[in-house]
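Protein chains: 2
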Amino acid sequence: MQTPSSLSALREWLRAQNLDGMIVPRADAFQSEYCAPHDDQLAWLTGFDGSAGHALILQDRALMFVDGRYQVQVREQVDLDAFEILHLHNDPLAPWLRENLRPGARIAFEAMLMTPAQYDALRASQCTLVPLNDSPFDDIWHDRPPAPVGAIREMPYEYNGENSADKRQRIAALLDAHNTDYLAITQPDNIAWLLNVRGSDIPTSPVPNSFALLGRDGRVEWFVNADKTRSLSPALLASLTLSSEGDFLSRSQHLSAGKRVMMDADTAPVALRFAVEKSGEIVWNADPITLMKALKNPVELAGYRQSHQYDGAAWVNFLAWLAREVPRREAAGNPLTELEAQEQQLAFRTQQPGFIEPSFATISASASNAAMCHYHSSESTNKAITHRDFYLNDSGGQYHNGTTDATRTLAYGPLSAQCRLHYTAVLKGFLSMMSLQFPSGTQGHQIDAFARRPLWELGLDFDHGTGHGVGHQLLIHENPHRIAKKVNPWPLVAGNIMTIEPGYYLADAYGIRIENQVEVVESLPGFCKFASLTLIPIDLSQVELHLLSEQEKQWLDDYHQQVREVLMPLVESEAQQWLFAATAPI
Amino acid sequence: MQTPSSLSALREWLRAQNLDGMIVPRADAFQSEYCAPHDDQLAWLTGFDGSAGHALILQDRALMFVDGRYQVQVREQVDLDAFEILHLHNDPLAPWLRENLRPGARIAFEAMLMTPAQYDALRASQCTLVPLNDSPFDDIWHDRPPAPVGAIREMPYEYNGENSADKRQRIAALLDAHNTDYLAITQPDNIAWLLNVRGSDIPTSPVPNSFALLGRDGRVEWFVNADKTRSLSPALLASLTLSSEGDFLSRSQHLSAGKRVMMDADTAPVALRFAVEKSGEIVWNADPITLMKALKNPVELAGYRQSHQYDGAAWVNFLAWLAREVPRREAAGNPLTELEAQEQQLAFRTQQPGFIEPSFATISASASNAAMCHYHSSESTNKAITHRDFYLNDSGGQYHNGTTDATRTLAYGPLSAQCRLHYTAVLKGFLSMMSLQFPSGTQGHQIDAFARRPLWELGLDFDHGTGHGVGHQLLIHENPHRIAKKVNPWPLVAGNIMTIEPGYYLADAYGIRIENQVEVVESLPGFCKFASLTLIPIDLSQVELHLLSEQEKQWLDDYHQQVREVLMPLVESEAQQWLFAATAPI
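Top line first, the protein sequences correspond to chains F and L.
Residue numbers for the first sequence follow this note's numbering, beginning at 691 and rising by one.
Residue numbers for the second sequence follow this note's numbering, beginning at 691 and rising by one.
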């Protein structure tokens, strides 16, 4: 077998640098969930294009470390003659290096792509860790796409509800209280929030890839490619110091001499640590913007609500169209496909006021395709949507004043008793969360099981979280809040935005998920509830109604009445009859 | 005001030793929940007899640190002219010392009464921490009670189900796998389990205060006062090396030279760390016995079940007696009191086969007394039990083959609508837990909220955990499992023994708690349920039946049928009619 040429090229480069190996992560300098093609060095090197993992390249061996989700995919994508496959969590890198390499072996890594926490874990390897300031992939990846230079636009006050100057002062006061001179902001969504700007480097993720330093006087130095900022107003540009992104480390090193700099061990590049610790003191702390940003202000909340009305109208137009087209196309012997549905759905969204782009890659999955939680349709996997199987659609939109994310699972004919039972259990878990009242400050892991209990009663469960935060015209998965089995220490309070999305997945058969985006609202002094932002009818055709309590039926009736009242004036005339039927009381 | 003489005596002693102050914890060398009078130095010094807290005694100031439970009690018990009161968690000791004393101030502590984890936290104080090997209270507390010398008895195989030799080999294998030479066992309940013995140093806590070292060859050296072991069999004594408790530190230091010793940072005395680290290596780890002990074997489980039948019979005799006596005595103008009820309950328990003693101090609380979760009756607080108020009884027994713990809240006449609503909410939380099926390995904090949800729906909550482990003829609060809001990392699996005890407390009015002891049992492959050990009718007189679901009513009917069938042959003849009525189907 021939060694892949990318792997040979990297090995040659390592030999020339007198290095024994290199760690290549699936990461960019911002630890983004979705990377630009420029940053897909792991995919170029190995063929693996999953969203997490890393490779260890030695002269005589090459290893891929990926988590449980990707054990099948990685074996389909990488050359198994060239790569050994290990489990990201069961085979951590540091012990592997310690046990398999001689102490002191020189292992390189790009210091912009690794976090301080990851670096600390690697120190147990007993290797000599060699940070690289420049990427070898600039040399060996000849057709490497350029780094993105997506234009940055301003978000007006009518959408964001708080001036950047006020945000800066709030953080400056906090730095002062911590006796800290600078906050290093290395998460682009936090920069977007702070400066009231949105970027376009990566589809669906409207953040400006860049860095910033905020001083205890509230001044901001923004390290960003000047090609991205050409359309920004003189007023915004005059309110801060613009510097080249490439100057971030040297400026940080210069400014931090004798000063205290706050940075986040889990997301900052370790290169920043190396720069600051030369003559400054590091204050390790989660970026305080992350928590401020999670508490949406009234203008942001109003924007979420409005964008969900428009998105709900797009959904109803789409669902009414599906209800017509699925049987018609099936009867014509030319059934509708996942990709066709996805395309039509985008067309309906594009008609809505304020729609910019999808908020993530749509999951349009029929039958067994939906059993894979992270499925995306392609020509080779594209299944028909028919009366015989569930069709799952998980999609959302970026609107000028909000971000949406919802899932519906639909049926176009009676399904099996087992399908109905499982659908009813998922719905009951969803309803349990939607009707929950909980003490303000409750943490996600304390309430996650309400979404699972109806499945647990059947001896079933689902292997993902129950809900995640959603940014305001920002990232679809926004930190820090989560509702999941895993401990999440951040208290849920009024003003947080979450999803509620229980599911059930039967391999090779079907997948079910019902997801609403919600706002945490105060219901009584000291207590909160989830209020639906999502306004989309829930398919009741496969529900075993006798398994629902009166309260559960009432919740559905109330919800459907709200959906009908809000959306009826917003949907196409040919969708109104469908909406009327889909929101009929039980 | 006069300074309390105990405080003056300690200050004089400190001056003579050239010490600036001393930390006096509410603790013994085993970090026991319940201490012997000998170890109540904090109560002697300050007057405060709560179960947690510590004092800091300086020459010119004296401070008491207690948690939220004890903020009222401490102010009633200590001399507020002599002591300042601080909050144990909000005012941690180390920062207080750092901010209020000069760096290097010499602060003493008894090294047997502090854990390594507590000591590490104190190092941030910037004081010179001076460990004391001998207790100053031996000098200044002239009528200090002697340390207890409770006789130790053997627990026969028919009750414990696993020979000590087999237990020792299981742990030795585990030490070998960790390449560790010794396990330091500093928790008396773990020693009791390991050696199949029970002690009598402290009422209700049948553990032998002592220490042990277990080698990787399975040999045990037991450091115990020889006066306690006189009734043990030659066979048991021949299976181990007996040493004086006072030799524990010196032997540990001697044996650990060049060896690896496992100890628990959260429960061992820091004096042991000082002894071992002189020339040995410490392996910090929770004592593995704690987890082994939590997985009860079939003989232990059978013993729990049998002792609960006897305890259930004692409860029914008591409840039937109460049902007769409360109205009779109230009509006679001489109502029954909490203390009388408690005394009669003990008499019923004492009649039962295998009963040894109560398993904790009974809570016999009428009306507003029950609003205090940790109330114990005294002549000065003793309230009447009447038709006008709830009566709460939380009690249990130590039996030769098990330990019981249950709570019932009772009424002898119709109470207010609010009482009924709150009682029904507590009952619904209890039923939600009792009918829950959950994946094996689920952690306590993941299911705690099921007990609270019916209260949350009313905007209410309770401020204690939902359940704790219970030892097998051992401690009433057994580690490591808990079901509570607080994160507890230990997975619940079949064979664990827990309590389920939601409540609701309205200050100055009433308290409600319903508690069953349960066994975690496998219900489906990979899933578990709680099976009731407790067999006591649940008072339904104050339940709003229309708020119960059909499933909830069915659970109660099934439970009461089981209670009736098992207990009818075991109760006094005059209690049978009451039992029949109390277990009638809804």
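Treat each hint with caution, since some may be false.
No copy is singled out in the list; a pair is fine if it fits within one copy or between any two copies.
Said to hold, decoys possible - Straight-line alpha carbon distances no greater than 30 Å define the calculated DSS-like cross-link-like pairs of lysine-lysine that follow:
#: 1; residue 1: Lys1175; residue 2: Lys1219
#: 2; residue 1: Lys1243; residue 2: Lys1219
#: 3; residue 1: Lys949; residue 2: Lys1176
#: 4; residue 1: Lys1243; residue 2: Lys857
#: 5; residue 1: Lys1176; residue 2: Lys1219
#: 6; residue 1: Lys1219; residue 2: Lys1073
Hints listed in this document are in silico derivations from the structure and should not be mistaken for laboratory results.
To see whether the hints hold, each was checked on the structure:
1. Lys1175 - Lys1219: both (20 Å within a copy, 18 Å between copies)
2. Lys1243 - Lys1219: Classified as both: same-chain Cα gap 18 Å, cross-chain 28 Å, threshold 30 Å.
3. Lys949 - Lys1176: Neither: 36 Å inside a copy, 37 Å across copies.
4. Lys1243 - Lys857: neither (44 Å within a copy, 55 Å between copies)
5. Lys1176 - Lys1219: both (21 Å within a copy, 21 Å between copies)
6. Lys1219 - Lys1073: neither (38 Å within a copy, 40 Å between copies)
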